Amino acid sequence: MYNASDLRKGLKVQIDGAPYIVIDFEFSKPGKGQALYRCKMRNMITGNQLVQTYRSNDKFDEAGLEESTMQYLYNQGDEFHFMNTETFEQIMLTTEQIGDNIHFLLDNMEVEMLFFNDQAIDISLPTFVDLAVTQADPWVKGDTSGTDTKPVTVETGFELQVPPFVEEGDRVQIDTRTGAYVTRVKE
Amino acid sequence: MINLQRLHTRAAFFRVLRSFFYQHDFLEVDTPVRQPVLIPETNIQPPASEDWLLQTSPELCMKRLLALGAGRIFQICPCFRRGERGRLHSEEFLMLEWYRRAADYHQLMRDCEELIRTVSGGLAEADCFAGIDLSGRWPQITVAEAFARFSPVPLERALEEGSFDEVMVEDIEPRLGLQQPYFLCDYPAEMASLARRSPADLQVAERFELYIRGVEVANGFSELADAQEQRQRFTQEIEHIKAQWGRQAAMPEQFLAALPAMGESAGIALGVDRLLMLALNKTALQDVQTFSAEDL
Chain A
27 MYNASDLRKG LKVQIDGAPY IVIDFEFSKP GKGQALYRCK MRNMITGNQL VQTYRSNDKF
87 DEAGLEESTM QYLYNQGDEF HFMNTETFEQ IMLTTEQIGD NIHFLLDNME VEMLFFNDQA
147 IDISLPTFVD LAVTQADPWV KGDTSGTDTK PVTVETGFEL QVPPFVEEGD RVQIDTRTGA
207 YVTRVKE
Chain B
3 MINLQRLHTR AAFFRVLRSF FYQHDFLEVD TPVRQPVLIP ETNIQPPASE DWLLQTSPEL
63 CMKRLLALGA GRIFQICPCF RRGERGRLHS EEFLMLEWYR RAADYHQLMR DCEELIRTVS
123 GGLAEADCFA GIDLSGRWPQ ITVAEAFARF SPVPLERALE EGSFDEVMVE DIEPRLGLQQ
183 PYFLCDYPAE MASLARRSPA DLQVAERFEL YIRGVEVANG FSELADAQEQ RQRFTQEIEH
243 IKAQWGRQAA MPEQFLAALP AMGESAGIAL GVDRLLMLAL NKTALQDVQT FSAEDL
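Quick note, the sequences are listed as chains A and B, same order. Residues 27 to 213 (the working numbering) make up the first sequence, in order. Residues 3 to 298 (the working numbering) make up the second sequence, in order.
The hints are simulated quantities; they were obtained by calculation from the structure and are not laboratory data. Predicted model, so just to flag it, every value in this text is computed and none were measured. Glycine included, each C-beta is placed from N, C-alpha and C at the ideal position. Heads up, none of these hints are tricks.
One side only, chain B facing chain A, incomplete, derived with CB under 7 Å: (1) 91; (2) 167; (3) 218.
Derived lysine-lysine pairs resembling DSBU-like cross-links, with alpha carbons at most 35 Å apart: (4) A/58 - B/244; (5) B/284 - A/66; (6) B/244 - A/85; (7) A/35 - B/244; (8) A/58 - B/284; (9) B/244 - A/66; (10) A/66 - A/38; (11) A/35 - A/58.
Construct the complete structure from the given sequences, taking the supplied hints into account.
What follows is the structure in structure tokens.
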């Protein structure tokens, strides 16, 4: 159980049977009035935002979220199969549930999966992944066009901008939070 | 934590505040921050200090000095409020309070105008209170008018269903003092435990709050000098505190005994850190406090 006075940015609570994360929080107190806790929260399943004012005697259940390490096995069309690395239990997520993570997901990759009431609601990838470049234009020496990046495609089909010296067959490290190039990986 | 340049600005700010009160013949006073009995207030929680309490305001002691015969007094002192932490709140903060005998809350509003103009002109920074017009008399709006203009529910209903504070925070405060400072005045009498009722309308008290950029800066009122009425109001408040927090608050007997000698007076409490924050166009107390809780 949480009290309103426990509310702060990043806290996860349950409201009307759904998990919410506090994304903005302000303590208010109108002159001689009671303490009020103004909160902006995001539903962790639907993404909908909620703005609500609470009083100090309002109470919240914990969000009841559990995290497990899962290994990505394979996909079959729209179905992505994962296995719990401790219990070997397998579960399936849809392309929609995978979201943008699809750009960085490789076979056998270990991911952290978030569960609410035994239902997977989010996966988080390692912050940095190494992917092979499958398509890149050759670097033209003496190119003075002034551009210092060029587009390449990696093994997952994701396209990104990299420095001109990166070539087909190289491996590059990518920040999965932003999709940005970090460095070329020496084999 | 503050930087060296702002430490100098803060010192200049204190000099300006003090010289304003010296020029207007106010006596600087000091009173104990640790006391056995405070004003009973349901919504303000004092921290305990052994079996005494840290003050939430120097109000009771300062009024006893008025009763002693002092005519105009001021004080800048630390005050403490448990559980108040945020961009505009700090469990320890600096309060400026000033009191005048033979005056009412209108005089305090004129003091605020002059004081804040003096602060604006007295600091070396060029763009103090940027975008706020401090000239002339500042607009006054009554609580009833503010509800009529800005609230989705009428004042009577907000009071009945207990949503007064929510409406203030969500719909009224953010709209006050955006171009000019605003005085929000004439609070429902039950929301002004130590203020005198208005002779023109006994339902409201002669209490105001000063707002700049939606931030409450000061709370002033014509003082209630009737010890009997004050005792009744305190008795009610002590019951509320017992019901809500299970704490037995004491009756401020020495204050009540002194009250008849105070005579007609007016007094005001102003958040010093908030005023400096607004003067320097900052948005958080932590931008102007020498140390904030996170620094300790």
